[in-house]
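> Let chain A serve as the given structure and place chain B on it in line with the hints.
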Amino acid sequence: MSLELFHSQVMPIRPKLYRFAYRLLNNEQDAQDITQDAMLRVWNQQGRMAELQNLEAWCMRIVRNLALDRLKSKKYRNTELLDKADTMQASHQSNPHLAAEQQDVMDRVHRIIHALPEKYRTIIQLRDIDGFSYQEIADILELTMNEVKTNLHRARKAVREQLQNIQVYGLQ
Amino acid sequence: MDYNKIRALLEKYWEGESSLEEEQMLRHFFVTHTQALPEDLREAAPMFQYFRLEQEKEIPQPAARIVPLRKSKPWQHWMKYAAVLLIMAGVGYSVQQFRQKQHELIAADWTQQDTFDDPEKAYAETQKALQLLSRNLNKGTEQMEKLSYFNDATQKIKN
Chain A
1 MSLELFHSQV MPIRPKLYRF AYRLLNNEQD AQDITQDAML RVWNQQGRMA ELQNLEAWCM
61 RIVRNLALDR LKSKKYRNTE LLDKADTMQA SHQSNPHLAA EQQDVMDRVH RIIHALPEKY
121 RTIIQLRDID GFSYQEIADI LELTMNEVKT NLHRARKAVR EQLQNIQVYG LQ
Chain B
1 MDYNKIRALL EKYWEGESSL EEEQMLRHFF VTHTQALPED LREAAPMFQY FRLEQEKEIP
61 QPAARIVPLR KSKPWQHWMK YAAVLLIMAG VGYSVQQFRQ KQHELIAADW TQQDTFDDPE
121 KAYAETQKAL QLLSRNLNKG TEQMEKLSYF NDATQKIKN
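First to last, the sequence lines map onto chains A and B.
Take 1 as the starting number for the first sequence in this note's numbering and just add one per residue.
Take 1 as the starting number for the second sequence in this note's numbering and just add one per residue.
To be clear, the hints were calculated from the coordinates, so they are not data collected in a lab.
Treat each hint with caution, since some may be false.
[Stated by the list, open to error] Label pairs and their in silico Cβ distance ranges:
1. M11(A) / T32(B): 33 to 43 Å
2. L20(B) / K157(A): 36 to 46 Å
3. T34(B) / Q46(A): 51 to 61 Å
4. Q55(B) / K157(A): 15 to 25 Å
5. M11(A) / Q55(B): 21 to 31 Å
6. A8(B) / R48(A): 41 to 51 Å
7. T32(B) / Q29(A): 33 to 43 Å
8. I13(A) / R42(B): 17 to 27 Å
9. T32(B) / Q164(A): 15 to 25 Å
10. M49(A) / T32(B): 40 to 50 Å
11. D40(B) / M49(A): 26 to 36 Å
12. Q35(B) / R111(A): 23 to 33 Å
13. T32(B) / I13(A): 29 to 39 Å
14. K72(A) / Q55(B): 20 to 30 Å
[Stated by the list, open to error] Some, not all, of what chain B presents toward chain A, calculated at C-beta under 10 Å:
15. Y13
16. G16
17. E43
18. E54
19. Q61
[Stated by the list, open to error] Below are the BS3-like pairs computed for lysine-lysine, each with C-alpha atoms no more than 30 Å apart in a straight line:
20. K12(B) / K157(A)
21. K12(B) / K57(B)
22. K149(A) / K57(B)
23. K5(B) / K157(A)
24. K156(B) / K146(B)
25. K57(B) / K157(A)
26. K146(B) / K128(B)
27. K57(B) / K16(A)
Ideal placement from N, C-alpha and C gives every residue a C-beta, glycine not left out.
For reference, chain A alone in the conformation it holds in the complex:
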């Protein structure tokens, strides 16, 4: 792969890779490091480029693997993720009371999603936030399309049950 090809095909997806890493790690510095490492790895494995069908999915897969390694090595605590929930911004509300209430609801949803197992959480993020197709998710996570749908169904079901608890019992 020439430098031009790297610039034209890999560099444009860099922001996407960074966003993905950021969502997985919830840490700006770590996401930067992982993105940089992933770019290096792509460059070093340029020989494989020819046999790849989906370059973006391959890059995303590298980012995910690196991020998971980082998570394991650092033994991220769940609370680190939860702490971030406080910094989330709810949509603009003129009424401070309503805004606070909505912020609270958003924090709860954030906690529910981040409490999911990594696989479920990643699938939900890739589908519902990043807007990837089932096939793209299958490529990124090295699953079949049916497995993606099954896991997505289970992940959404888990979120739904938690949401129902909030709705009915006001439980967190």
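Chain B in isolation, oriented as in the chain A frame:
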């Protein structure tokens, strides 16, 4: 939008069978709908609102850093060169010391070799030295003879 249509879309959504367009419609509905929702639709609203917020959330993008590979300058590795020089100096010094010692040993060997140029003189000197040796040896044997007398005497007494 018709609530029943939303219900049908939601059903597909929970099953993991909805398309991206249908999911986009759901997000749009739950974000823009301002009136009170029917109870069965309320549970999904926060989730879709959260997704929309996350989509719109600005994640600080770091600028791509392309750092050109720096050519190393020769003086950047001065410690390496200094170490090599030091090792070479050490080895040189020890070789020199070794050779010097060898020379001294060889010189010492030379001094212990022939001390006389004239063979007759050397013969006379050797004879002198041997005579001295035999004299001293004789002295020793004389004493031993006395000892044998003593020994014979004790044997006779015993018998």
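> Which numbered hints does this structure break?
2, 8 and 11
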